[in-house]
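Asks: Here is what each chain is made of, one letter per residue.
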Amino acid sequence: DAGVIQSPRHEVTEMGQEVTLRCKPISGHDYLFWYRQTMMRGLELLIYFNNNVPIDDSGMPEDRFSAKMPNASFSTLKIQPSEPRDSAVYFCASSFFGNTIYFGEGSWLTVV
Amino acid sequence: KQEVTQIPAALSVPEGENLVLNCSFTDSAIYNLQWFRQDPGKGLTSLLLIQSSQREQTSGRLNASLDKSSGRSTLYIAASQPGDSATYLCAAPSGTYKYIFGTGTRLKVLA
Numbered sequence: 001d002a003g004v005i006q007s008p009r010h011e012v013t014e015m016g017q018e019v020t021l022r023c024k025p026i027s028g029h030d031y032l033f034w035y036r037q038t039m040m041r042g043l044e045l046l047i048y049f050n051n052n053v054p055i056d057d058s059g060m061p062e063d064r065f066s067a068k069m070p071n072a073s074f075s076t077l078k079i080q081p082s083e084p085r086d087s088a089v090y091f092c093a094s095s096f097f098g099n100t101i102y103f104g105e106g107s108w109l110t111v112v
Numbered sequence: 001k002q003e004v005t006q007i008p009a010a011l012s013v014p015e016g017e018n019l020v021l022n023c024s025f026t027d028s029a030i031y032n033l034q035w036f037r038q039d040p041g042k043g044l045t046s047l048l049l050i051q052s053s054q055r056e057q058t059s060g061r062l063n064a065s066l067d068k069s070s071g072r073s074t075l076y077i078a079a080s081q082p083g084d085s086a087t088y089l090c091a092a093p094s095g096t097y098k099y100i101f102g103t104g105t106r107l108k109v110l111a
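Protein chains in written order, with my numbering: chain X, 1 to 112; chain A, 1 to 111.
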């Protein structure tokens, strides 16, 4: 298996623009997680899905953030409008039934 | 609410030393705990998953222990090598499948 695939790997955008991050989990995995990593706050869980259904979105910082999982092989995290404080590395991860979590390489977002 | 703490924040050791990384968690009602490695500019790579029913889990030179009653886990690295240099993170679940990560221990092994 190719592992968890994220795109884009790097994105630089201007404040106010919409940003869409994409994730393809490992086939057969039923849990999908979106994390954000910054120097100041470390690795924070934003939202996670089970069988394509959002289970806990309490980590989503504000209404500017939204996440969807239309099917078992695809998820998006959208920020609209983006702000400089959203600059971070966004990781997607997946697992099967609460076992080992597999991370993607991350999407490095810079908002200027 | 689960809180995860890792000590020390950074560690520098000469090659060949055995070392121990510490992870503490506040909610002991966990079903497993996971250890990860992160290289600069990369994602996290799973090292070990230790179930709540286990006390230890081993993979090569790595050994993880879990003591739920005291809220602690340790990662033991034997005969450290420069290639072990990375940040090591532990993660404990808060409720069901909501993993909370520590801030990590940044390890540097000197040749």
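Hints listed in this document are in silico derivations from the structure and should not be mistaken for laboratory results.
From a predicted model like this one, the values you see are computed outputs, not experimental measurements.
One should not assume that every hint holds.
To be verified - Capping the alpha-carbon separation at 20 Å, the derived lysine to aspartate or glutamate pairs in EDC-like fashion look like this:
id, chain 1, residue 1, chain 2, residue 2
1, A, K42, X, E44
2, X, K68, X, E44
3, A, K1, A, D39
4, A, K68, A, E56
5, X, K24, X, E11
6, A, K98, A, E3
7, A, K98, X, D57
8, X, K24, X, E62
9, A, K1, X, D56
10, A, K42, X, E105
11, A, K1, X, E18
12, A, K98, X, E11
13, A, K42, X, E18
14, A, K68, A, E15
15, A, K98, X, E62
16, X, K68, X, D56
17, A, K98, X, E44
18, X, K78, X, E62
Asks: Next step is simple, just say for each hint if it's right about the structure.
Replies: Here is how each hint holds up against the structure:
Proximity of K42 (chain A) to E44 (chain X) is assessed by CA-CA distance (about 16 Å); at most 20 Å being required, the pair is judged to hold. As the CA atoms of K68 (chain X) and E44 (chain X) are separated by approximately 18 Å, the hinted pair is consistent with the 20 Å bound. For the hint linking K1 (chain A) to D39 (chain A), the alpha-carbon distance of about 29 Å lies beyond 20 Å, and the restraint is violated. Pair hint K68 (chain A) plus E56 (chain A) holds up; C-alpha atoms about 12 Å apart against a cutoff of 20 Å.
Restraint check for K24 (chain X) and E11 (chain X): the C-alpha separation of about 18 Å stays at or below 20 Å, so the hint holds. For a cut-off of 20 Å, the pair hint linking K98 (chain A) to E3 (chain A) stands: about 12 Å separates their Cα positions. Between the alpha carbons of K98 (chain A) and D57 (chain X) the distance comes to roughly 10 Å, so the proposed pair stays at or under 20 Å and holds. Taking the CA atoms of K24 (chain X) and E62 (chain X), the gap is about 24 Å. The hint is violated against a cut of 20 Å.
Distance hint between K1 (chain A) and D56 (chain X) is fulfilled; the C-alpha atoms sit about 14 Å from each other, no more than 20 Å. Proposed proximity of K42 (chain A) and E105 (chain X) is supported: the alpha carbons are some 5 Å apart, at most 20 Å. In summary, the hint linking K1 (chain A) to E18 (chain X) is not supported, as the alpha carbons are separated by about 33 Å, beyond the 20 Å threshold. About 27 Å separates the Cα atoms of K98 (chain A) and E11 (chain X), which puts this hinted pair outside 20 Å; it is violated.
Of the supplied pair hints, the one linking K42 (chain A) and E18 (chain X) is violated, its CA atoms being roughly 25 Å apart against a limit of 20 Å. This hinted pair does not check out: K68 (chain A) and E15 (chain A) have alpha carbons roughly 31 Å apart, beyond 20 Å. Distance restraint check for K98 (chain A) and E62 (chain X): the Cα-Cα separation of roughly 19 Å lies within the 20 Å cut-off, and the hinted pair is therefore satisfied. For the proposed pair K68 (chain X) and D56 (chain X), the alpha carbon gap of about 12 Å is at most 20 Å, so the pair holds.
Distance restraint check for K98 (chain A) and E44 (chain X): the Cα-Cα separation of roughly 11 Å lies within the 20 Å cut-off, and the hinted pair is therefore satisfied. This hinted pair checks out: K78 (chain X) and E62 (chain X) have alpha carbons roughly 12 Å apart, not beyond 20 Å.
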